[in-house]
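A.B. asks: Below, each chain spelled out in residue letters.
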Amino acid sequence: MNNLCTDIGYRSINKHGEQLCGDQVRVIEQDDNSTIVVLADGLGSGVKASILSTLTSTIISTMIAGSMPIEDCVSTIAATLPVCEVRGVAYSTFTIVRIVHNEAAEIIQYDNPHVILLRGGKNFVYPETATEIGGKTIYRSKVLLEENDAFVLMSDGAIFAGVGKSLNYGWQRDNIIEFLETVYDSGFTAKTLSTILLDECNKLYENEPGDDTTVCTVKIRQRQPMNLLIGPPSDPKDVNKMMSLFFSKEGKHIVCGGTTSTLAAEFLGKTVDTGLPLYVDPDIPPISKIEGVDLVTEGVITISRVLDYAKNYLETNEQYTDWSYKKDGASLISRMLFEEATDINFFVGRAVNPAHQNPNLPINFNIKMRLVDELSEALRKMGKRIKVSYF
Amino acid sequence: MKITICIGSSCHLKGSRQVVEELQYLVAQHNLKDDVDLCGAFCMGDCVNGVNVKLDDEKFSVSPETVKDFFEKEVLPRV
Numbered sequence: 046m047n048n049l050c051t052d053i054g055y056r057s058i059n060k061h062g063e064q065l066c067g068d069q070v071r072v073i074e075q076d077d078n079s080t081i082v083v084l085a086d087g088l089g090s091g092v093k094a095s096i097l098s099t100l101t102s103t104i105i106s107t108m109i110a111g112s113m114p115i116e117d118c119v120s121t122i123a124a125t126l127p128v129c130e131v132r133g134v135a136y137s138t139f140t141i142v143r144i145v146h147n148e149a150a151e152i153i154q155y156d157n158p159h160v161i162l163l164r165g166g167k168n169f170v171y172p173e174t175a176t177e178i179g180g181k182t183i184y185r186s187k188v189l190l191e192e193n194d195a196f197v198l199m200s201d202g203a204i205f206a207g208v209g210k211s212l213n214y215g216w217q218r219d220n221i222i223e224f225l226e227t228v229y230d231s232g233f234t235a236k237t238l239s240t241i242l243l244d245e246c247n248k249l250y251e252n253e254p255g256d257d258t259t260v261c262t263v264k265i266r267q268r269q270p271m272n273l274l275i276g277p278p279s280d281p282k283d284v285n286k287m288m289s290l291f292f293s294k295e296g297k298h299i300v301c302g303g304t305t306s307t308l309a310a311e312f313l314g315k316t317v318d319t320g321l322p323l324y325v326d327p328d329i330p331p332i333s334k335i336e337g338v339d340l341v342t343e344g345v346i347t348i349s350r351v352l353d354y355a356k357n358y359l360e361t362n363e364q365y366t367d368w369s370y371k372k373d374g375a376s377l378i379s380r381m382l383f384e385e386a387t388d389i390n391f392f393v394g395r396a397v398n399p400a401h402q403n404p405n406l407p408i409n410f411n412i413k414m415r416l417v418d419e420l421s422e423a424l425r426k427m428g429k430r431i432k433v434s435y436f
Numbered sequence: 053m054k055i056t057i058c059i060g061s062s063c064h065l066k067g068s069r070q071v072v073e074e075l076q077y078l079v080a081q082h083n084l085k086d087d088v089d090l091c092g093a094f095c096m097g098d099c100v101n102g103v104n105v106k107l108d109d110e111k112f113s114v115s116p117e118t119v120k121d122f123f124e125k126e127v128l129p130r131v
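Protein chains in written order, with my numbering: chain R, 46 to 436; chain B, 53 to 131.
With the rest of the complex left out, here is chain B (with noise of 0.2 Å):
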């Protein structure tokens, strides 16, 4: 599976970086480095909902504070 997470410039200051280290925190604790692609892309023209995440081709948006929840709903399910 692919996570893209945006880091644009307004994603960026919503907490993109926060996003993309606790994932690579989240995907390494419960071993999942060989199963999870995580990778950054530029805007994704949706900056009012950023952080803007994708699973594959669908689109979350993620907050640093929700990207645990995200991680734990939407990730693992699909794993």
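Okay, chain R solo, but in the shape it has when bound (with noise of 0.2 Å):
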């Protein structure tokens, strides 16, 4: 056993008028702590693709989740998946990394584009195996993983882009190894990267890509704890209680809202300083500072925009480009939440601030509750581990 984790992030953009894309990723996590990524890329595009790939990915995920050697896997697809009338052939390609105990990494490769291993930020090349399976050439490859390898798995949706537009022949994998090594920053999520090469492939497209282009990054790293209090307990009593339990507890700690940071600030015996507010964004109020507290922000409006980053981080993640480097309350909240924490421990009060309790108030106690539930659903998509303790 060590303390590594994957941390996995894909996303796709779709043909230029597709509704429906043709790639599909599936992440299966099983018991014996392995972890199975199957990017498929179904033959043409639109519906008939996506069932394609759609199948093929799900099959394979089953049967390689239940060990089932991947011959069987192949012979199973071809013998299910639907023959393409025009073309006469079923046909979707695949790429599957498993994990297993986050300490080898087993690449199984047909006909996408090969995964890229980014080592420290660069290129490593890992041997790879060739066998014949029903007429279709398989590579395997086995890697024993290390900290901060990065698998970048993609459809040749990436490699095409640009084709006739902006380049003449695309870029080829050597090209996007290269454009990796130069944008590889090791704080970035595997999410991140994805957005980042997607992004580049969609730029040389025109915003029209011409075929559908999926990347998956897979990126492994140590398991980060992370604690985050907000609001004072429903019992006043049991102030001690919550702050002993928060402090105590490995990690980082973040602190959000006006009376619960002074209540830390108390139990640690120390003041807020706020200081002369600084408006990095005017929307979000100041930050503070209480030794002994990693980050000290206001409360619900500073947690509702890092729910709407988190929503769309899970989605099209546009807005990393905000978060990643500004220096108000949210943006650093996010970046400590997304990218710093694996397993992130949120201590909830549930008092109810008589303060806010005016129908004038446009702050009620059912929004911080509300909040706070979406949030750690969004941060559980994120692939992190939870925990919720109310007080």
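Among the clues, some could well be false.
[What the hints assert, rightly or not] So the derived label-pair ranges between C-beta atoms look like this:
no.	chain 1	residue 1	chain 2	residue 2	range
1	R	GLY166	B	ASN101	24 to 34 Å
2	R	GLN75	B	GLN70	53 to 63 Å
3	R	SER289	B	LEU107	34 to 44 Å
4	B	ASN101	R	LYS432	32 to 42 Å
These are calculated hints, taken from the structure and not from any lab test. Glycine included, each C-beta is placed from N, C-alpha and C at the ideal position.
Using the hints, put the two chains back together into the complex; each one sits in its own frame.
C.D. replies: As structure tokens, this is what we get:
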């Protein structure tokens, strides 16, 4: 056992004019601490391609998860896929990356551009063995994992990007490697790295992709705990209990909310240093400082912006260009939760702020509870382990 | 003299940023930077009357519209 875990993030763009994507990514987490990622690219585009790739990715991920040999998977797919009327073949390419116990990766590839492995931000050439299965050449590899390894899976839409438009022949896998090595930053999440490459492809396509394009990154990283405290406990007698549990936790500590940070400062025997408020973002209240706390912010307004960023992260992730560098409370929390953390403990106080109990005020207790619920759900979807404790 | 402006959630929504910026501007305009200490604070427990501003220990209710008036009537005479 080691302290590593996987961070998986992917995104697709559809062929110009298509509503469905012919590429599919499936991620399956297994009980024995293994993760299987399948990227399938169906022949053609639109509905037909979407059905082919959905079938392929689902069959493969289910069978591999059931420890079936790859030969059986391939023959099952060949026997199951409907044959295309136009082309007379049933066809979907695929890439499988199986991470076993966070120690080794098994890569199985059929006809997709080969997985790029970035080790320490540089291309790492891994050995491949070719096998014939049912007339198809399948490449298999086994790699022992190191921290910060990033496996970049892609459909062929990525290497065809720009053909006949900004480039004559598209860019090749080597060009993509060069691009990734240039932009790589060890702080990027899998989703961010995928987004950056996909945006570049879309740019080469001049925003009118000639093929469905998908990028999926599997990043190997250390587990990193993070703790977030919001709201005073409903029973004032529990303040000490809540604070001592919170501050005894391993990892960084974020405190959200004015009253909450006052209580946290009292518990630590320190003061809240607000200073002259600095408005980095006009809509987000300024942050303050307490010695011994990694970040102190306002509560609901800041968290509701974080929730917006989280929802966007799960979809197009276009707003990463905002939160990835800005210094307002919401961006700082977003970076700590989305990028740094893998395991997040929420300490939620259920006290009702008497000052907010007025129908003329836009804030109420339910908003805070709903925000925490939605945010923890979004973070779960990012693949993080979330624990919420109420006081 | 110390002016403390509440930057808690409620006061923020009622315009504490404008109040802070306007006060910064007025203080600079009257050359009072050495006499007046501006700072923020979290919830003062009186959200209904926000934006809450304290002159030393006395609390006032200010809004972006009344901040200039407040500065002239309450702050200037005390400097």
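A.B. asks: Run every hint past the structure and note whether it holds.
C.D. replies: Against the structure, the hints come out as follows:
For GLY166(R) and ASN101(B), the hinted distance range of 24 to 34 Å is not satisfied, since their beta carbons lie about 55 Å from each other. Separation of GLN75(R) from GLN70(B) is about 55 Å and conforms to the stated range, judged on CB atoms against 53 to 63 Å. Between SER289(R) and LEU107(B), the C-beta spacing of about 37 Å keeps the proposed range 34 to 44 Å intact. For ASN101(B) and LYS432(R), the Cβ-Cβ distance of about 38 Å falls inside the hinted range of 32 to 42 Å, so the restraint holds.
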